[in-house]
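Residues per chain are reported as follows:
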Amino acid sequence: MIRPPRESLVRMYQRMQQIRQLEEKVYYLFLQGDMPGTLHLYIGMEACAVGVCENLRHEDYITSTHRPHGHAIAKGVSLKAVMAELFGKSVGCCGGYGGSMHVGDLAVGSVPAIAIVGGGVPVATGIGLSCKMRKTDNVVCCFFGDGAVNEGAFHEGLNMAALWDLPVVFVCENNLYAASTPIAQAVKLAHLSERAGAYGIPGVTVDGNDVLAVYEVVGQAVERARRGEGPTFVECNTYRLCGHSRSDTCGYRDREEEAEWKKRDPLLVMEENLTEAKLITPDELLGIKEAVAREIDEAVQFARAGQTPKPEDCMQHVCAEE
Amino acid sequence: MSTEKGETRRMTIAEALREAIREEMRRDDRVFCLGEDIGIEGGFGGAFTVTLGLSEEFGHERILDTPISEAGIAGAAVGAALTGMRPIADVQYADFLFCMMDQLVNQAAKMTYMSGGKVKVPLVMRAPCGATTRGAQHGQSPESFFIHVPGLKVACPSTAYDAKGLLKTAIRDDAPVLFFEHKLLYGSKGMRAEKDAVSPTSEVPTEEYTLPFGKGVVRREGKDVTIVAKLLMVYKALAAATRLEDEGVSCEVIDPRTLVPFDTEMVVDSVRKTGRLIIVDECNRTGGWAGEVAAEIQEKAFGYLEAPILRITAPDTPVPFSPVMEKFYVPDEDRITDAVREVLRWR
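Chains as they are written, first to last, in this note's numbering: chain B, 2 to 323; chain L, 4 to 350.
Hints are computed from structural coordinates only; laboratory data are not their basis. Be a bit skeptical, because a hint or two may be false.
[Said to hold, decoys possible] The calculated DMTMM-like cross-link candidates involving lysine to aspartate or glutamate, where the alpha carbons are at most 20 Å apart (straight line), are: (1) L:K121 to B:E195; (2) B:K133 to L:D31; (3) L:K218 to B:E322; (4) B:K136 to L:D31; (5) B:K133 to L:D32; (6) B:K133 to L:D68; (7) L:K121 to B:E313.
[To be verified] Short, incomplete list of chain L residues facing chain B, as computed with Cβ under 8 Å: (8) T69; (9) P70; (10) S72; (11) G78; (12) A79; (13) G82; (14) L85; (15) T86; (16) M88; (17) M117; (18) G119; (19) G120; (20) K121; (21) G154; (22) D177.
The beta carbon of each residue, even a glycine, is placed where N, CA and C say it ideally should be.
With these hints in hand, go ahead and build the complete structure from the sequences.
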């Protein structure tokens, strides 16, 4: 297994902590009635976004889903900008026009999230086409869940990306449930990565709760894409350590199954890996965790203090300004 | 030919569209075409020959043939447009827009808004519409669906001059544009020629020009009744106006050229003069563009109206196949002249 530089390990742990703590905070604020809207939390899946995005440059792109907070943060959208967006403020990353399901900022390569399941797949193909036509060596990582692989748009997007050897990495976050529907009730295959063969591209399944494993596998896929050799399908096996959306108590999941996955919490997995390999001390980890907690508090303060849009601002931005 | 506009040539709409694409692709490396059967060697240059020969100049990377994957084409256009390209997608038949609806309505139309104005989606969907004895799934006029979607612009050229000028504007626009082209107006030649086509030609300047969106044109001036019509219906309205002239009735025919944005002012000004309005539209009746124009004008010019606003539209049925039934389905000169006589009874 490749070992990323220490600086990279620290950044990945910090990013995972940022995502986890932001999600826990917004859930708390939501339950308190402070935060509007709905929420699809990324708790338990942090290793996927962080392991993927650690391979990306500022100029590379990601597309995201209805569960986008973690993706956006991993690609570099600031905690403040994400938090303010969730509060519907003008200083949010989408000016309060997007909300939870559309966070992103193209300025850092995070395409405003597409919350239609599978809808982002052909869009990522188009971004890959653009990267290739503009003769850049940029790549796009397309995040989607296990539910998306049964959408027609998935099929069309993968086929075209494969056909034209586009620089796209298709990252399937298989968290075993499409909302409440177990994967076995939606797909006949044991591994979703087997779908890749149908498009003539490589498919890999990886432990999505081990950030270093994700980092390594996606790193190979990204390099392949940069070389112009085409897309890869990466299936990250993972689990939501939370409900599908704001009010979901997961009555459809087995409590023992949840307990097993909780033992494999991606943050615990990383902490163990780092401390066992003596790459970082428990004190340092604690220091990062506490620093992130302060960042989250600052993000909340920033969001609360941020200006609320005027009601009539809803009339703006329907079409791009000339 | 030489006019006050400088050198011109007579062109069909298909030729004018091809020239617009050629000029814009020469002018801007970001512009490219994608779609089914648009550049295949030995093929037909799109279903209606618009892209014929373009791959010889621009290559197959910029005249990009795709698999039959409408959602993929539209999604790829969105992704490319978001990241610095200016795609022109060939929809082959406007009916296939329905296969793309998620990408057009949920992605293309909303990306700019959802990002708070930070991103642009400069794409054009070229969609051939209109009933042409192909039946219910290759003959629809789905323009009305798209005027209902905030974030999309909708263009409907009826002459070669307009087609070229408006397509160039559409390509340069930073918003997604649905560009409807009527199959009976193209003037496609050879094997792709359409039976019963109107195929108007018009003088097109050799010098470069663009036409603004949201500016209609008065195709015929008149004082008794205003007729607003788009695409093929412009020609039916003009034919009806000519026939009515013999009865001493003077019709003003307005072609809005774009539905979004719409030149409300031009129609209001005309209705102030005539006091009567008829809208002719090949879209289905209920929830259609004609109804929208009627509502808008009665709000803005109620005091000037001397008769009810009438809609002459396709009925609320799918497009029938049998030519006899199709003829009944598509609004024609008889229905328009009857409608004019009816509104004139209100004195």
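Here is what the structure says about each hint:
With a CA separation close to 38 Å, the supplied pair K121 (chain L) and E195 (chain B) exceeds the 20 Å bound. Pair hint K133 (chain B) plus D31 (chain L) holds up; C-alpha atoms about 17 Å apart against a cutoff of 20 Å. Among the hinted pairs, K218 (chain L) with E322 (chain B) is consistent with the structure: their alpha-carbon atoms are about 19 Å apart, no more than 20 Å. The suggested pairing of K136 (chain B) with D31 (chain L) holds, with an alpha-carbon distance near 15 Å, which does not exceed 20 Å.
Using a Cα cut-off of 20 Å, the hinted pair K133 (chain B) and D32 (chain L) holds, with the two alpha carbons roughly 13 Å apart. A distance of roughly 16 Å separates the Cα atoms of K133 (chain B) and D68 (chain L); the hinted pair therefore holds under the 20 Å criterion. Restraint check for K121 (chain L) and E313 (chain B): satisfied, since their Cα atoms lie roughly 18 Å apart, inside the 20 Å limit. The beta carbon of T69 (chain L) is positioned within 8 Å of a beta carbon in chain B (closest approach about 7 Å), and the interface hint is therefore held.
The interface hint given for P70 (chain L) holds, since its Cβ lies 6 Å from the closest Cβ of chain B, which is under the 8 Å cut-off. The restraint placing S72 (chain L) at the interface with chain B holds, with a minimum CB-CB distance near 4 Å, inside the 8 Å limit. Interface hint status for G78 (chain L): upheld, as the beta-carbon distance to the closest one in chain B is roughly 2 Å, under 8 Å. Interface restraint check: A79 (chain L) against chain B, minimum CB-CB distance 4 Å, threshold 8 Å, status holds.
The interface hint given for G82 (chain L) holds, since its Cβ lies 2 Å from the closest Cβ of chain B, which is under the 8 Å cut-off. For the restraint placing L85 (chain L) at the interface with chain B, the shortest Cβ-Cβ distance is roughly 6 Å, inside the 8 Å limit, so the hint holds. For T86 (chain L), the interface hint holds, since its Cβ comes within 8 Å of a Cβ in chain B; the closest pair sits about 4 Å apart. Because the beta carbon of M88 (chain L) sits about 5 Å from the nearest beta carbon in chain B, less than 8 Å, this interface hint is met.
The closest approach between the C-beta of M117 (chain L) and any C-beta of chain B is roughly 4 Å, which is under the 8 Å cut-off, so the hint is satisfied. Interface restraint check: G119 (chain L) against chain B, minimum CB-CB distance 3 Å, threshold 8 Å, status holds. Taking 8 Å as the C-beta cut-off, the interface hint given for G120 (chain L) holds, the closest approach to chain B being about 4 Å. A hinted interface residue such as K121 (chain L) counts as satisfied when its beta carbon comes closer than 8 Å to some beta carbon of chain B; here the least separation is about 6 Å, so the hint holds.
With its C-beta approaching chain B no nearer than about 5 Å, G154 (chain L) sits inside the 8 Å limit, and its interface hint holds. Checking D177 (chain L) against chain B by beta carbon gives a least distance of about 4 Å; that is within 8 Å, so the hint holds.
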